[in-house]
Structure formats: structure tokens, C-alpha cells
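Undergrad: Here are the chains, one letter per residue:
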Amino acid sequence: MRKTPFIKKSLLLIFASLSFISSPLVQASDEVNVYSYRQAFLVKPLFNKFTEQTGVKVNVIFAKKGMAERLAREGKHSPADILLTTDISRLIELHDRDLLQAYRSKALLDNIPSQYRAKDNSWYALTTRVRNIYSAKHLGAINFNYEDLADSKYKGKICTRSGKHAYNIALVASMIAEHGKAETLVWLEKFKANLARKPQGNDRGQVQAIHQNLCDISLGNSYYFGKMLTNEKQKVWTDAVYINFPNQENRGAHVNISGMGMAKYAPNKKNAQALMEFLITKDAQKLYAETNMEYPVRTDVMPSKLVASWGNFKADSLPLETIAKHRKEALKLIDKAKFDL
Amino acid sequence: MLLASFGSSSHLFSHLWQTVLPDYIINTLLLGVLVVCLSLAFGIFSAAFIVHTNVFSKKFLRWLLLLPLAMPAYLVAYLYTDMFDYAGPIQRILRGWFGWQSPEDYWFFDIRTLPGAAIVISLVLFPYVYMLARTAFEQQDQTLLRAGRLLGLTTKQSFFKLALPLARPAIAVSASLVLMETLADFATVNYFAVNTLTTAIYDTWLGYGELATANALASILMLIIFFVVVAEQRARVGQSHQSNRPNQHIEIIKLSFIQQFFVSGFCWCLVLAGFLFPFILLVIMAIEYSDLAQLTKLITPSINSLEVSFYAATIATTLALLFSLYRRLSINKWRILPITVAGFGYAVPGTVLAMALLATFGPLDHYMNDLAEHFQLNPPGLVLSGTIFAIVFAFVVRFAAIANGTISSGIEQIPHSIDHAPASLGVGLGGMLSKVHLPILKPSILVAWLLVFVESMKELPAALLLRPFNFETLSIQIYQLISDEILEQGALSAILIVLLGLVPIIWLNRSKELT
Chain A
0 MRKTPFIKKS LLLIFASLSF ISSPLVQASD EVNVYSYRQA FLVKPLFNKF
50 TEQTGVKVNV IFAKKGMAER LAREGKHSPA DILLTTDISR LIELHDRDLL
100 QAYRSKALLD NIPSQYRAKD NSWYALTTRV RNIYSAKHLG AINFNYEDLA
150 DSKYKGKICT RSGKHAYNIA LVASMIAEHG KAETLVWLEK FKANLARKPQ
200 GNDRGQVQAI HQNLCDISLG NSYYFGKMLT NEKQKVWTDA VYINFPNQEN
250 RGAHVNISGM GMAKYAPNKK NAQALMEFLI TKDAQKLYAE TNMEYPVRTD
300 VMPSKLVASW GNFKADSLPL ETIAKHRKEA LKLIDKAKFD L
Chain B
0 MLLASFGSSS HLFSHLWQTV LPDYIINTLL LGVLVVCLSL AFGIFSAAFI
50 VHTNVFSKKF LRWLLLLPLA MPAYLVAYLY TDMFDYAGPI QRILRGWFGW
100 QSPEDYWFFD IRTLPGAAIV ISLVLFPYVY MLARTAFEQQ DQTLLRAGRL
150 LGLTTKQSFF KLALPLARPA IAVSASLVLM ETLADFATVN YFAVNTLTTA
200 IYDTWLGYGE LATANALASI LMLIIFFVVV AEQRARVGQS HQSNRPNQHI
250 EIIKLSFIQQ FFVSGFCWCL VLAGFLFPFI LLVIMAIEYS DLAQLTKLIT
300 PSINSLEVSF YAATIATTLA LLFSLYRRLS INKWRILPIT VAGFGYAVPG
350 TVLAMALLAT FGPLDHYMND LAEHFQLNPP GLVLSGTIFA IVFAFVVRFA
400 AIANGTISSG IEQIPHSIDH APASLGVGLG GMLSKVHLPI LKPSILVAWL
450 LVFVESMKEL PAALLLRPFN FETLSIQIYQ LISDEILEQG ALSAILIVLL
500 GLVPIIWLNR SKELT
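These protein sequences, in sequence, are chains A and B. Using numbering that gives the first Met the number 0, read the first sequence as starting at 0 and increasing by one per residue. Using numbering that gives the first Met the number 0, read the second sequence as starting at 0 and increasing by one per residue.
Hints were generated in silico from the structure; no laboratory data involved. Some hints here could point you the wrong way.
[Claimed, not checked] In silico lysine-lysine, DSS-like type, Cα no more than 25 Å apart, as pairs: (1) A:K197 with A:K327; (2) A:K335 with A:K152; (3) A:K64 with A:K43; (4) B:K296 with A:K48; (5) A:K43 with B:K296; (6) A:K63 with B:K441; (7) B:K296 with A:K56.
[To be verified] Here are some of the chain A residues that sit facing chain B, going by a computed Cβ distance under 8 Å: (8) P198; (9) N212; (10) K331.
[Unchecked claim] So the derived label-pair ranges between C-beta atoms look like this: (11) A:K337 with B:N377: 52 to 58 Å; (12) A:G74 with B:P438: 48 to 54 Å; (13) B:I219 with A:G74: 52 to 58 Å; (14) A:S113 with B:W16: 53 to 59 Å.
All values reported here derive from a predicted model rather than from experimental measurement. Glycine included, every Cβ here is placed at the ideal spot set by N, Cα and C.
Based on the provided sequences and hints, a complete structural model is requested.
TA: Structure follows, in C-alpha cells:
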């Protein structure tokens with residue numbers, strides 16, 4: 000009987016000192032914590048605006064590899080409220096590992112087209128981006144399909160980043176959805192045979208290579224075009240290329256998203272809901288899409304002038320969940336074709 | 000990690016084996032062998048020249064050759080691939096001069112290849128070999144070399160037959176550090192578009208979502224290293240050399256003019272390629288793209304970097320000292336175990352290590368919180384896995400091998416007779432250690448501390464994954480900018496990492512000169 004208070008006292012002491020160490024972790028009620036796959040500087044302006052409007056402070060950690068793992072390990076003690084990601088596969092991974100909770104909100108459902116959100120409301124897209132084809136200007140205006148990457152007339156003329164980059168895996172997954180596994184493997188092998196050099200570098204590097212006459216065709220996300228145009232040094236690279244929206248006469252261009260979801264054990268649920276709804280407001284959509292030169296997911300919000308100047312396009316209407324389903328298979332095919340080697 | 004690799008998928012493994020894994024393994028082995036050979040060549044020769052010849056500007060070269068250590072490998076890789084790429088400035092200028100139009104018009108080496116990667120990695124890793132070899136050469140018993148000379152060996156013979164074999168323990172330690180660092184690397188080889196076993200580890204984990212299989216692959220990687228290190232140790236069983244005549248006069252070979260040209264040219268090329276050239280590129284970028292306002296933003300990350308690295312270096316060095324002394328003075332037959340086990344963290348890729356730590360501390364944190372709730376106390380939160388504790392712990396685990404290697408090769412140089420002398424004079428263990436061993440070991444302790452500190456400043460993947468909210472280090476800042484494909488704006492942070500890493504190198508060098 001006499002022992003218990005002593006144990007309790009010493010435990011109290013231990014925990015008091017522990018909470019002293021961990022004081023930055025203890026949550027004040029007017030905060031919301033974000034785990035972000037997106038760079039901090041892309042989301043900061045938006046969060047500042049949110050804080051201005053609501054007085055809720057936003058804490059952010061940016062990381063890519065292992066974010067889901069960290070969240071899973073933290074379990075119910077995780078401080079995370081909101082997860083911001085790029086690429087559909089990461090949202091699906093979070094969903095499949097049961098790290099998200101559904102949030103049904105009229106504002107979200109009304110404004111986000113159904114192909115860009117989860118059936119069970121566990122995740123929502125915020126912006127979309129196209130996997131474009133960049134082509135050398137001397138080729139003139141071309142009508143390009145992703146299937147043409149395997150056309151032997153482009154032998155030695157194509158540049159791309161690693162086949163195993165998330166953006167390319169998603170594209171291959173969409174090819175599987177359209178053509179099946181066997182045909183996609185053949186396409187990958189021919190595509191590989193057309194490469195001017197081993198897959199390397201990033202999307203901008205491929206445009207630079209076209210500018211230097213190393214190749215004529217490259218794959219790249221839409222927003223990189225805008226980012227290069229606004230970068231003093233890289234602007235000259237874009238002078239050499241046209242940006243093309245592929246498959247306009249059939250299924251449409253492959254589109255990926257950046258999105259959000261609420262963490263399963265979000266400690267600041269109210270604030271998290273407020274932040275999610277804020278991110279889909281017209282103002283936030285405009286600002287968010289503009290900072291990274293993407294397309295707002297809301298159809299009633301126009302992209303920035305620069306992005307709009309690349310023209311309207313038809314997007315592949317394949318639900319993103321289908322693309323995500325073929326992801327692992329896509330990666331296996333890329334290994335099989337030894338695309339990167 | 001080993002535990003976690005149970006339950007790995009044999010299906011995925013066989014898929015990898017049938018497709019890309021054999022290529023990855025060949026690449027990994029080739030890369031390891033090439034980097035170790037090149038680093039040894041760079042490090043041993045430069046160390047020998049500095050210690051045994053009157054090479055031009057020796058006083059500067061002595062510490063300049065250490066500077067590449069302060070350069071993060073991923074940064075140098077980024078700069079070099081950018082520079083020598085087809086679209087890079089060097090080839091552009093050449094095309095401009097000679098009027099070449101396309102790659103068919105001329106030949107230029109392709110930087111994004113395995114040899115390209117090996118050369119660049121060696122350029123930043125060779126200082127390990129240089130540093131340990133130089134210390135070994137300087138502390139060697141010079142009378143042995145003189146005796147060899149009297150028996151008719153030429154200078155060359157006496158170096159290869161005496162000095163080099165005598166320095167073998169130190170060189171072996173440094174070579175295994177270089178090997179481990181190379182095999183654990185992901186970011187650098189990624190820039191070079193070279194696929195290695197770490198590529199497979201990342202693919203299985205992030206691409207296929209099979210952490211268990213990824214852990215199994217990482218364990219294979221560690222096994223390879225384990226066998227190499229053990230084989231090397233076996234090969235030198237029975238060889239031992241201890242010097243009890245330190246600080247004697249070292250004979251200096253006078254070089255002829257032509258020799259002087261080649262020898263100093265060799266050393267300066269290393270300094271230039273491993274440090275000065277990339278550093279100048281960074282400075283040019285910083286001047287072009289940065290302003291003073293950016294500098295103020297770097298204060299907090301700098302303090303964070305320094306703080307974490309300071310803790311990591313101090314803890315790792317203390318532990319290494321304890322382990323080494325235990326191994327030396329204990330008669331327990333398992334005495335070698337702690338230091339050997341502690342050494343393998345270096346071979347684990349930072350991200351994989353971070354995962355393993357989350358797996359360890361996560362449940363502990365949960366247990367503590369549950370306990371707190373049980374006693375109706377305020378739950379402390381994720382104190383272990385969600386604070387800088389985790390980062391420091393990761394750094395200590397990852398860089399323990401460096402501290403251990405440096406200190407134990409220092410201890411090996413102390414003759415065993417010294418262990419017994421104080422005891423026979425009636426001095427206790429504590430007195431012996433503080434009066435005899437620690438003063439002798441002081442240079443090794445400083446070197447160990449410095450190496451861990453510099454490595455921690457540069458470390459990226461573990462810090463990125465384990466950090467708490469709003470906690471940024473310099474390397475994290477650089478990573479964010481590189482991953483958005485605008486390194487230019489990160490040039491200032493990069494320069495800061497390098498400069499902060501230089502401070503202890505220079506300070507250490509000065510304090511060594513004084514003693």
C-alpha cells in the first residue's frame with residue numbers, strides 16, 4: 000500500500016522530465032501538423048494565409064522516403080494531422096496501410112471531380128499535372144501519342160529520366176490499363192531501344208539535352224515548363240522545344256495529382272478539417288496551383304495565365320485508383336525491360 | 000533489421016533475381032573495388048609523399064589534402080555531373096570552339112558511368128586513407144626503416160617492404176570505411192545513373208512496398224562487408240607492430256626537379272579536384288544567386304546542424320574509447336564483440352537505418368505512453384522517436400565505425416608493456432588510463448571526434464526522416480532545393496556546411512602541430 004505513491008511519484012518525475020524534453024511535441028490546441036511530400040516553400044505561402052484567416056498555426060515536416068513508415072510507426076501517438084503528397088501512388092499507399100481517415104465534407108465533394116478523389120473519401124486531389132511530351136522545334140508541330148515513344152523512327156532521339164521515377168511508373172501503369180501487360184512490355188522494350196542515352200537526371204535535364212541537340216523528344220511534367228520559363232538560366236532551354244499534350248485524338252493525356260488526406264489519429268481533428276476545406280477554396284486553389292504551375296483540381300478555377308497559355312487539353316478519364324492498382328506491375332515490367340540499365 | 004527481414008517475400012526476390020539483381024550486384028562489386036583501389040592509391044601515395052619527401056608546399060598540402068572530407072559526396076556528384084555532362088558547360092565550350100554539332104562528331108568521356116562515379120566518390124573519400132596512413136607513417140618506428148636501408152634496400156623497397164606493411168592496420172581500417180561508405184551510398188550513385196544494391200533496396204521498399212525484402216537485401220549487403228573485413232583481419236593475424244619510440248626524427252627524401260613536378264602535381268590535383276574546384280563552383284553560384292537575406296535564414300539550421308553533430312561526435316568518440324579500452328584490457332573472450340558489432344552501422348544506408356530505429360523506438364515510446372496513461376499522467380508523446388534524440392542516436396550508430404576504427408588503430412600502436420608498467424608501480428586502473436593511455440591516444444581521439452563531426456554535418460537521409468517538426472539542418476535545406484532541381488539557391492547552405500566542417504579540421508591540424 001505504501002509503495003504505490005512512491006512509484007507514482009517517481010513516474011511522475013520521470014514523465015515530467017520527459018515532457019520537458021519533448022515540450023515542442025506537446026500540442027497546443029490552435030495548431031495543425033502537416034507531414035508533407037511537397038517542398039516546404041511550395042506550401043508555406045498557403046499556410047501563412049490559413050493562419051492569417053483562422054489564427055491556427057501550421058507546423059510542417061517535409062520528407063519523401065519513409066514518411067508513410069514513420070507515420071505507421073508512430074501509430075496512435077502520431078502528431079500528424081494532415082498528409083500532403085505528390086503522386087497518386089503515395090496516397091494509395093497511405094490508404095492501403097490504413098493510415099488515413101475518411102472525411103465527408105460537402106465542400107470537398109462538390110468541388111473535386113470524382114475521378115480525383117477516393118471512393119471512401121479518405122483522400123482528395125488538390126492539383127493536377129500532365130505527363131507531357133517535349134519535342135524539338137525543328138520537328139514542327141507533331142501529334143504525339145505515348146505509343147509513339149516505341150516508334151523506330153525516333154531511334155536514338157528520345158531522352159528521359161529514370162524509368163523507376165514515380166512519374167514514369169504511373170505513366171507505365173496507365174499504359175497497362177489501356178493495353179495490357181504483354182503489349183506494354185513490348186512497348187517498353189522498343190521505347191528503351193529508342194533512347195539517346197541511359198535514363199538519367201531529372202525532367203528539366205532532358206529539355207536541356209534537346210536544347211543541346213542530344214535528342215528530339217523527352218518526357219516531362221507540365222509544371223517544369225513553367226519553372227524553366229521563369230528561371231533565367233533555363234529559359235534558353237525552352238526556346239528549343241514545344242510542349243505537347245499527347246493522345247489528344249484518343250484517350251487523352253496522362254494526368255497525375257498532388258493531394259491530401261487526414262491522418263488516422265489526427266490529434267487536432269477540427270483544425271485539420273478546417274485546413275482541408277481551406278485548401279479547396281477558390282483563393283487557395285488559385286494560389287496553390289500558381290506556386291507550382293499546376294492545374295487547380297476545381298474546374299471553376301482557372302490555372303495561371305502562363306499555364307493556360309499552353310492551351311486546353313483532353314485528360315485521360317481513367318480513375319486514378321485504377322492507375323494505382325497497376326503500379327507494382329508497372330515497376331516489374333520496367334525491371335524486366337531493364338529500362339534503366 | 001535482421002528480425003524485420005523475416006517475412007520477406009521470396010516471390011519478389013526471385014523476380015528481382017531474374018531481372019535486374021545480377022546487374023546490380025556486379026555494379027556494386029565493381030564500384031566497391033574501384034573506389035577502394037583508387038582511394039588507396041590517392042591516399043597512400045599522398046600520405047607517403049607528405050611524410051617522407053620534401054614535396055613543394057608541404058606545409059599547406061599536409062592539411063589541404065584533408066579538405067575533401069568536408070565536401071558532401073552528393074553535392075560533389077551533382078556539381079561534377081552537371082559540369083561534365085553532354086549539356087554541361089565544359090562540353091558546350093568544346094563544341095563552341097571546334098564547331099561540333101552532335102555527339103557523333105567527337106568523343107568525350109561519359110561522366111554518368113560506373114568509372115565516372117568511382118572516380119568522383121574516391122575524390123571525396125580518399126582523405127580517410129590519407130589521414131590514417133599519414134598518422135601511421137609518422138608514428139612508425141624509424142629505426143626499422145633505417146635498419147632496412149643499412150641492409151641495402153632502396154628507398155622504394157624500404158617503403159613497399161617496410162613502411163607500407165607496417166601501416167597496414169591503419170590502412171585496412173580506412174579502406175573498410177571507404178568500402179562501407181561507398182556501398183551504403185544511394186544519392187551519389189543516383190546522380191551518376193549507376194544502379195547498385197542500394198537501388199534494389201530502395202526499389203523494393205518504396206516501389207514494391209516490401210520493407211521486409213528491402214531489409215533482407217540490406218542484410219546481404221552487410222554480410223558482404225562483414226566477410227571482407229573479417230578476411231582482412233584474418234590475413235594479418237600474427238602480424239603486429241607496436242612503436243614505443245614516437246616523435247623521432249623522420250628522414251626526408253630530397254626530390255629532383257622532375258620528381259618534384261610530378262609529386263606536387265599529384266597532390267595538388269587531388270586537392271583541386273576533391274575540394275577547390277567544387278568549392279569555387281559553389282562560390283560562383285552563391286554570388287550569382289544569393290543575397291544576404293538568405294544568410295540570416297541559415298542561422299537556425301546551422302545551429303541545429305552544429306548541435307546535433309556535436310552530440311553525435313562526442314557520444315560516438317566516448318563509446319569508441321570505452322569499447323577499445325575494454326577490448327584491450329579485458330580478458331573476457333567476447334571482448335572483441337562490442338566494437339565489431341558497433342562497426343557495421345556504417346554500412347547501412349541512412350534511410351534503412353532510420354527505418355530500423357523507428358521500428359525500435361516506436362514501440363518503446365508507445366509503451367511509455369501507455370504506462371503514463373495507466374497512471375493517469377500526462378503522456379510524454381514520442382520522446383524517443385520524435386525528437387533530436389533519434390537523430391543523434393542514428394548518427395552515433397551510423398558513424399561509430401569511424402570512431403572505433405580510428406581509436407582502436409591508435410590503441411594498437413601502444414605497446415602492451417605499457418599496460419603493465421603502471422600496475423607494477425602500484426598505480427590503479429583509473430590512474431593508468433588517465434595518466435598513460437589517454438594522453439598517448441589524444442591525437443586519435445581528436446581525429447575520431449573530428450571525423451564523426453564532419454560526417455554528421457553532411458548526413459542527410461536519417462536526419463530527413465527522423466527530425467521533429469520545424470527542425471531543419473543545413474543538409475536538409477540543400478536536399479529540398481536539389482530535389483526541386485534548383486541547387487543554385489542552396490549554394491549558400493552548401494558553403495556553410497563545408498566551412499563549418501573546415502573549422503575543426505583546421506583547428507585539429509593546428510593543435511597537432513603544437514603537440
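Undergrad: Each hint: holds or not?
TA: Okay, the hints, checked on the actual structure:
Straight-line distance between C-alpha atoms of K197 (chain A) and K327 (chain A) comes to about 22 Å, which keeps the hinted pair within the 25 Å bound. As the CA atoms of K335 (chain A) and K152 (chain A) are separated by approximately 24 Å, the hinted pair is consistent with the 25 Å bound. Among the hinted pairs, K64 (chain A) with K43 (chain A) is consistent with the structure: their alpha-carbon atoms are about 21 Å apart, no more than 25 Å. Straight-line distance between C-alpha atoms of K296 (chain B) and K48 (chain A) comes to about 21 Å, which keeps the hinted pair within the 25 Å bound.
A distance of roughly 15 Å separates the Cα atoms of K43 (chain A) and K296 (chain B); the hinted pair therefore holds under the 25 Å criterion. For the proposed pair K63 (chain A) and K441 (chain B), the alpha carbon gap of about 41 Å is over 25 Å, so the pair is violated. For the suggested pair K296 (chain B) and K56 (chain A), the alpha carbons sit about 20 Å apart, so the restraint of at most 25 Å is met. Hint status for P198 (chain A): holds, given a least beta-carbon distance of 7 Å to chain B, under 8 Å.
The interface hint given for N212 (chain A) holds, since its Cβ lies 5 Å from the closest Cβ of chain B, which is under the 8 Å cut-off. Annotation: K331 (chain A) was flagged as interfacial toward chain B, and the flag holds, the nearest CB pair being 6 Å apart, inside 8 Å. For the pair K337 (chain A) and N377 (chain B), the beta carbons lie near 56 Å from each other, so the given range of 52 to 58 Å is met. At about 50 Å, the beta-carbon gap between G74 (chain A) and P438 (chain B) stays in the expected band of 48 to 54 Å.
A hinted range of 52 to 58 Å for the beta carbons of I219 (chain B) and G74 (chain A) is inconsistent with their spacing of about 30 Å. A hinted range of 53 to 59 Å for the beta carbons of S113 (chain A) and W16 (chain B) is inconsistent with their spacing of about 41 Å.
In the structure shown, a violation is registered for the earlier hints numbered 6, 13 and 14, in ascending order.
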